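Construct all of the structure, not just a fragment, from the sequences and the given hints.
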Amino acid sequence: MVAVLQSRISADSPLEEQPKTWDEYSRLYASERINIMNPPVPPFEGDIGKSTPSVFQARYFAAPIPANEPVRQLVMNRLGVFGGKPYDETDVGVAKWKERVEFGSTLMEQGKAPSTLASSWQNPYYSFRNNLGMNVTNQGPTGVQGGHIPSETLEQHPVLRKIVNQCRELFSVAYSLLSVVDDDRFIFLAESGLTDAGFGGIRDVPREITFCGHTVLGDRQGCTILDARKDWRFENNPSVQSFGPLFYAGVPLMAPNLDGSQEAEENSCPIGSLCVVDYEPRESFSVEDRRRLLNMAEYARREIEKWFACKMKHKRNHLTASEEIWNHEVKSVVGPTSDRHDSLTPSDTLTARKSIASSSNQSSFRRLRGINSICDRTTSPSLHASTSSKAPAKISAGLFEDVDAVLNLEVRKVMDLATKLIGETLDLSLVYLTAVLPPQTPDESGRTLIISGHNIPIPVPVFDANLHLRALREPGGGLLYQNPSNAEKSALQPKGSGAVVNNLRHNPYASAMIFAVGAESYTNSGGFVLAGYTDDPKRVFGEEDVSFMKKFAHELSSHTSKLLLSNSTKHGRFFGH
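780 is the number of the first residue of the sequence shown in the working numbering; add one for each residue after it.
No wet-lab data here; the hints were simulated from the structure. Note that the structure is a prediction, hence the values are computed from the model and not measured. Incorrect hints may appear among the rest.
Claimed, not checked - Restricting the straight-line Cα-Cα distance to at most 25 Å, the calculated cross-link-like pairs of lysine-lysine (DSS-like) are:
#1 Lys1192 x Lys1090
#2 Lys864 x Lys1090
#3 Lys864 x Lys877
#4 Lys1094 x Lys875
#5 Lys1090 x Lys891
Said to hold, decoys possible - With beta-carbon atoms standing in for the labels, derived distance ranges:
#6 Gln945 x Ser1063: 16 to 26 Å
#7 His1107 x Ser1224: 16 to 26 Å
#8 Lys877 x Lys1341: 50 to 60 Å
Even glycine gets a Cβ: it sits at the ideal position worked out from N, Cα and C.
Written out as structure tokens, the structure reads:
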């Protein structure tokens, strides 16, 4: 790993360089500008007002939230260390945790524990009581097997437990913890010694009382506290007062390299920590000791990196299987005609991936484009109510005049297959293909018309025409809402229609991919857009998700290019390439 060092303010820095107010001190601490191994004494003022004791006088300083917390949390969500789901603290989650602990202990005692995180060790479809060594295969919604899969969650994985066991023994401490920080808590991926210390069954601790909250704000050398009673930040820390740890040495667990780029390697951020803790103070923790702890943390990081790469390989195999299903099913609908373009081929895949790599600037989880608040009213929230197998001999109306007259049964089947396959393969809450028309005069609103969908709410909501026109006209081919701001998330929600006004879902959509299906045939002609939404606030769309959606958008354009949008304008409004 390449470490990028920066100058930090310490107790030895000139007074003119040290923060003058508590607000400045806290801001610099959160921005990793303070040397956490030798911090300057904070200003003697209360953080709420002069009537309150200063943090220095209170002898307790909860680490502030890092300045880069949104990015760090995005990386955590992308990794999905808990199986791509939120951390489960329910009774069911605790029961599964206990089962993993028991299962892992048995494997380790019998010498059958896996040697890498990339290996399967617990079958997610069978309980602990099944025989050891059972092969694990995954079967997607289409019935295509995806092969062996890595562990769904990293919590209590034997490989990580081995790391903390070694750390506890190597440094002769009461306990060792490997944790990730998720929202407001540090969650133990592995621990060694908590049961012996009388804290068995604890899976997490509040972020504000942890020593590790400070560790993730330091450089990659970590944080060492030889005697918590002599450090103003920890003397009255609730964990010290209640549980008595005095010695602490921790190093950050850096995020794995998600895309293999040098940029990602250099800009890696902490996602957690590896620490060793004891009840007796120490005189020293040598440079060699710190180096050993750093090496163990780096080993954990590389194992998580291999696990993530294996998980992505399995996911891409699953996406490829769905593409094969598409090719087979479309042939059964429209026939293997020589001029048919709706076949996902290796060349299509390569072209799409190059396009995505360029537009996403080498990042597998960056937003393609920022979107400001969009609140224009739209109309025509219709889905075709029936399927007519008989197409008219002469089309006298466009989609917005008579959708049933324009869409024949064959085209509908293809579109419905696409939206259903996308929704099930990517596990999306909502997928739809919509036509969109721009306003004709400044007094008019744009119009959208859903022509195919998966999980479409009833009554059919109104989707914002401005949003879809923007996606249609984006140079990169679409828009990606990734963990948007509150204002953006509000604009993203579809509005109610008919008697239902402003009908927002109880569980609002959190992120979305919205891509052009082809391009406008001429300026301001309108066109078609393919969109996928998730209501999971922790879902992060990766390059593989974007590529999959864009390939389907490209293939659907061979059908939408033949459709008349509306005959109510001077030029008729066909949509083409």
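Status of each hint after checking the structure:
1. Lys1192 x Lys1090: 32 Å, violated
2. Lys864 x Lys1090: Distance ~14 Å between Lys864 and Lys1090 Cα, so the pair holds.
3. Lys864 x Lys877: Distance ~18 Å between Lys864 and Lys877 Cα, so the pair holds.
4. Lys1094 x Lys875: 24 Å, holds
5. Lys1090 x Lys891: Within the cut-off at roughly 22 Å; holds.
6. Gln945 x Ser1063: 16 to 26 Å: 21 Å, holds
7. His1107 x Ser1224: 16 to 26 Å: Hint violated: Cβ distance 41 Å, outside 16 to 26 Å.
8. Lys877 x Lys1341: 50 to 60 Å: Since the Cβ atoms of Lys877 and Lys1341 sit about 58 Å apart, the hinted range of 50 to 60 Å holds.
In summary, the numbered hints that this structure violates are 1 and 7.
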